[in-house]
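Protein chains: 2
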Amino acid sequence: MDLIDILKTKKIGDEVRVEGWIRNHRRQKEFGFIDFYDGTSFETLQIVYDKTNANFDEIQKMLVGCAIIVDGKLVESSGNQEYELKASNVLLVGECDETYPIQPKRHTQEFLRSVAHLRPRTRLFQAVFKIRNLAAYAIHEYFQSHNYVYVHTPLFTTSDCEGENQMFKVTTLDLENINKNEDGKVDYKADLFGKPTFITGTGQLHGEAYAMAFKKIYTFGPTFRTENSNTKTHANEFWMIEPEIAFCDLDGLMDIEEEMLKSIVSYVLKNGEEEIKFLNNFVDKNLKEKLEKLVNSNFVRITHHEAVDLLKKADIKWEFTPDYESDIAKEHEKYITEYYNAPVFITNWPKDIKAWYMKENSDGKTVAAVDLEVPGAGELMGGSQREEDYEKLVKRAENLGVDTELIDWFMDLRKYGSCYHSGFGMGFERLIIYLTGVENIRDVIPFPRTPGNCEY
Amino acid sequence: MDLIDILKTKKIGDEVRVEGWIRNHRRQKEFGFIDFYDGTSFETLQIVYDKTNANFDEIQKMLVGCAIIVDGKLVESSGNQEYELKASNVLLVGECDETYPIQPKRHTQEFLRSVAHLRPRTRLFQAVFKIRNLAAYAIHEYFQSHNYVYVHTPLFTTSDCEGENQMFKVTTLDLENINKNEDGKVDYKADLFGKPTFITGTGQLHGEAYAMAFKKIYTFGPTFRTENSNTKTHANEFWMIEPEIAFCDLDGLMDIEEEMLKSIVSYVLKNGEEEIKFLNNFVDKNLKEKLEKLVNSNFVRITHHEAVDLLKKADIKWEFTPDYESDIAKEHEKYITEYYNAPVFITNWPKDIKAWYMKENSDGKTVAAVDLEVPGAGELMGGSQREEDYEKLVKRAENLGVDTELIDWFMDLRKYGSCYHSGFGMGFERLIIYLTGVENIRDVIPFPRTPGNCEY
Numbered sequence: 002m003d004l005i006d007i008l009k010t011k012k013i014g015d016e017v018r019v020e021g022w023i024r025n026h027r028r029q030k031e032f033g034f035i036d037f038y039d040g041t042s043f044e045t046l047q048i049v050y051d052k053t054n055a056n057f058d059e060i061q062k063m064l065v066g067c068a069i070i071v072d073g074k075l076v077e078s079s080g081n082q083e084y085e086l087k088a089s090n091v092l093l094v095g096e097c098d099e100t101y102p103i104q105p106k107r108h109t110q111e112f113l114r115s116v117a118h119l120r121p122r123t124r125l126f127q128a129v130f131k132i133r134n135l136a137a138y139a140i141h142e143y144f145q146s147h148n149y150v151y152v153h154t155p156l157f158t159t160s161d162c163e164g165e166n167q168m169f170k171v172t173t174l175d176l177e178n179i180n181k182n183e184d185g186k187v188d189y190k191a192d193l194f195g196k197p198t199f200i201t202g203t204g205q206l207h208g209e210a211y212a213m214a215f216k217k218i219y220t221f222g223p224t225f226r227t228e229n230s231n232t233k234t235h236a237n238e239f240w241m242i243e244p245e246i247a248f249c250d251l252d253g254l255m256d257i258e259e260e261m262l263k264s265i266v267s268y269v270l271k272n273g274e275e276e277i278k279f280l281n282n283f284v285d286k287n288l289k290e291k292l293e294k295l296v297n298s299n300f301v302r303i304t305h306h307e308a309v310d311l312l313k314k315a316d317i318k319w320e321f322t323p324d325y326e327s328d329i330a331k332e333h334e335k336y337i338t339e340y341y342n343a344p345v346f347i348t349n350w351p352k353d354i355k356a357w358y359m360k361e362n363s364d365g366k367t368v369a370a371v372d373l374e375v376p377g378a379g380e381l382m383g384g385s386q387r388e389e390d391y392e393k394l395v396k397r398a399e400n401l402g403v404d405t406e407l408i409d410w411f412m413d414l415r416k417y418g419s420c421y422h423s424g425f426g427m428g429f430e431r432l433i434i435y436l437t438g439v440e441n442i443r444d445v446i447p448f449p450r451t452p453g454n455c456e457y
Numbered sequence: 002m003d004l005i006d007i008l009k010t011k012k013i014g015d016e017v018r019v020e021g022w023i024r025n026h027r028r029q030k031e032f033g034f035i036d037f038y039d040g041t042s043f044e045t046l047q048i049v050y051d052k053t054n055a056n057f058d059e060i061q062k063m064l065v066g067c068a069i070i071v072d073g074k075l076v077e078s079s080g081n082q083e084y085e086l087k088a089s090n091v092l093l094v095g096e097c098d099e100t101y102p103i104q105p106k107r108h109t110q111e112f113l114r115s116v117a118h119l120r121p122r123t124r125l126f127q128a129v130f131k132i133r134n135l136a137a138y139a140i141h142e143y144f145q146s147h148n149y150v151y152v153h154t155p156l157f158t159t160s161d162c163e164g165e166n167q168m169f170k171v172t173t174l175d176l177e178n179i180n181k182n183e184d185g186k187v188d189y190k191a192d193l194f195g196k197p198t199f200i201t202g203t204g205q206l207h208g209e210a211y212a213m214a215f216k217k218i219y220t221f222g223p224t225f226r227t228e229n230s231n232t233k234t235h236a237n238e239f240w241m242i243e244p245e246i247a248f249c250d251l252d253g254l255m256d257i258e259e260e261m262l263k264s265i266v267s268y269v270l271k272n273g274e275e276e277i278k279f280l281n282n283f284v285d286k287n288l289k290e291k292l293e294k295l296v297n298s299n300f301v302r303i304t305h306h307e308a309v310d311l312l313k314k315a316d317i318k319w320e321f322t323p324d325y326e327s328d329i330a331k332e333h334e335k336y337i338t339e340y341y342n343a344p345v346f347i348t349n350w351p352k353d354i355k356a357w358y359m360k361e362n363s364d365g366k367t368v369a370a371v372d373l374e375v376p377g378a379g380e381l382m383g384g385s386q387r388e389e390d391y392e393k394l395v396k397r398a399e400n401l402g403v404d405t406e407l408i409d410w411f412m413d414l415r416k417y418g419s420c421y422h423s424g425f426g427m428g429f430e431r432l433i434i435y436l437t438g439v440e441n442i443r444d445v446i447p448f449p450r451t452p453g454n455c456e457y
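So the sequences go chain by chain: P and E. If you're matching positions, the first sequence starts at 2 in the numbering used here and goes up one per residue. If you're matching positions, the second sequence starts at 2 in the numbering used here and goes up one per residue.
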């Protein structure tokens, strides 16, 4: 029986069997205590044994990390838990010797990254990856209960309209012996898809095709970027959520983003109570308060122009001068969220710094884009209303040097029953960083891939 | 308001607004009927308008595929639905002309594959992709309610122990100008990960690391195989579910597989009633009965040896002679499931035809592997108990030519608190083929990738 079900349903006097691992072991001459976990519950169970156990001597030799099966009866606890397990039988299933790197002491996160296959056994990573699991399910639950269809958009693409330098190339050719054509170019005939093939960095275009059929869709899958940047927030393989909604304008999109985020945070607070308590104690003393506050806050909505006004008025010497034509720097994001003391939607960005598919506003200068800035997380989501007019989209693409012939099917969506529609993207790891208080993206991905690092 | 919510909560006399598309349009001189859908509901809504509509002439010109917004009142229906919408206003949002490829007639699936961006608007693909969505959520719901942790295992890997010919290579190198070392080999220093990198075809190894921490885990994500095979059941990009369970033997694994499959099918029958009804009428007259039967059946469990006995006894001239040392052919699978008239688990396979990580049985000849054969679907899941003993695993890997030094971290799992454990893989598309009755994998993937085909 899973420990979490025992803790939920069993009471003092019940006989149970548990299967799991030793997290800690305190030995006395006549008895001993095993701190037991099986990973289904963040709470552990104390196991007590003594000389009445036939294999007392053998039990005493069991080290931290051993896999065991224990039969026994739940009895009143001497500690602060409801009960402990008085063992009638402790069976060793898998040995673990002193070389085991995970010992009951504080390990640095850097060290734990070097044993990425063992670190999920620590309390910190049990908390982080359980919350990652809860957040993933909360996302599905939110969208499913709001009539969205989950769409698996493809990762492989042969249209490089994102710019091939930002995408990984995939091939079945032998890189050591690439066949060339007469003109000296790679001969792709022998490659599985017969063409240069890439891994796309977004499912948005395909998502739009499905939003034009199902009205409300979302994607949730791995995403790849070739960025050669070694920061705390960049990884080359990460997960992303990209909802796309037909008959939805920018205001409607902000409503959805706000409702969705509150729904995820509420779910995690409710279902990850023990994990959040632990992270609050050991990682970020503000975590629980921050999350509870978000659920009860009203998100602010300001334009990019108003945001720059605010930054210019502030009595601060900026490293990057706030500018009506430019992006907003990290220091600005921080100031704005602290000023409002709430999550802030910034809308209507200068069109030249935003993507080609965003809808131009009637001022001719800005597009209907929106970034959500969250206190303690920075930019958590980015979205926009999409240009639904065929001619305008072609013109904007031309101006920004995007070759729409490569994606004629996407342009078709503006020909056949087009409608105003909007969508956003949320980096899943950025959300997990926010939900756990853990600072480095390498610590919220089971086996992170960053430049030069693709181990395990 | 989404149509599905209107159908659930609104009644005759209520005023509503709907936003969606015209599926069909029947025009009379004095009035007209629009068959309206918005994709949230498989049921459509009949919209009635007449000369009292100010823009009557304009409405009459709206063609199939147009995006519209309609205000009106729900009134008693003349047809077989509960009500229809008497329009007070029909607003054209997005035009659609006669060149629109999706017309209200029967299109072949081959033709619809050539308009993969538009085919989700047809009834067939509305049904297929809604069921795909339901099945995906049913999988999450099953595992979440049984204490499993959803783990995002990495797709990129630098350890090619699967055999690099079966994996796609990924690179940031310029294939037209690959730098070589002095010895004439590719210089990977400039590649993002500094090493030959591949897309793995399985998350199992990483999943095992997490099962040794959380007891019960599952993966659910895209998977890639380089197979150059153009059949109805092969795609190069597909989705897969790979659960892994600690303290679970082969019998326990079969219990889980059976319970999970019944749970998914029940969820789809309950939440996709209209879609299943449609597919039953137009794709497979046996579909509903087949699915309902599965939920109520008891899965049979036989050994590979017993299966071969059965095949040998059968009065059939086999194309492939049944053999105690060999795999079971498609014709055999079919016979076995028809013989038992139920799903059949076949266990204990000859060790030489199964993977290196599977646990050897005490007979020294077979491994604790299990395939699930389902009537009308063939092999739906494949799993095994894993070899948890370090020495035995090393020996088996050596015999099968697997270099375990490349995956020393995986071998560590057998050193530190190892335990008996099992897992299986289920191809998601194979499940969707089973659930929908649609025969070709290209018709259950939004944008399929097969050899030579990576369009859209």
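You may find that some hints are simply not true.
Since the list can't tell identical chains apart, any single copy or any two copies may satisfy a pair.
[Claimed, not checked] Straight line, CA to CA, 30 Å or less: simulated DSS-like cross-link-like pairs of lysine-lysine:
no. : residue 1 : residue 2
1   : K313      : K294
2   : K196      : K233
3   : K186      : K196
4   : K30       : K416
5   : K106      : K87
6   : K366      : K335
7   : K62       : K396
8   : K106      : K416
9   : K233      : K186
Because the hints were derived from the structure by calculation, they are not lab data. Predicted model only: the values in this text are computed from it and were never measured.
Item to check | Hints the structure fails to honour | outcome: Going through the list in order, the structure violates hint 9 alone and respects the others.
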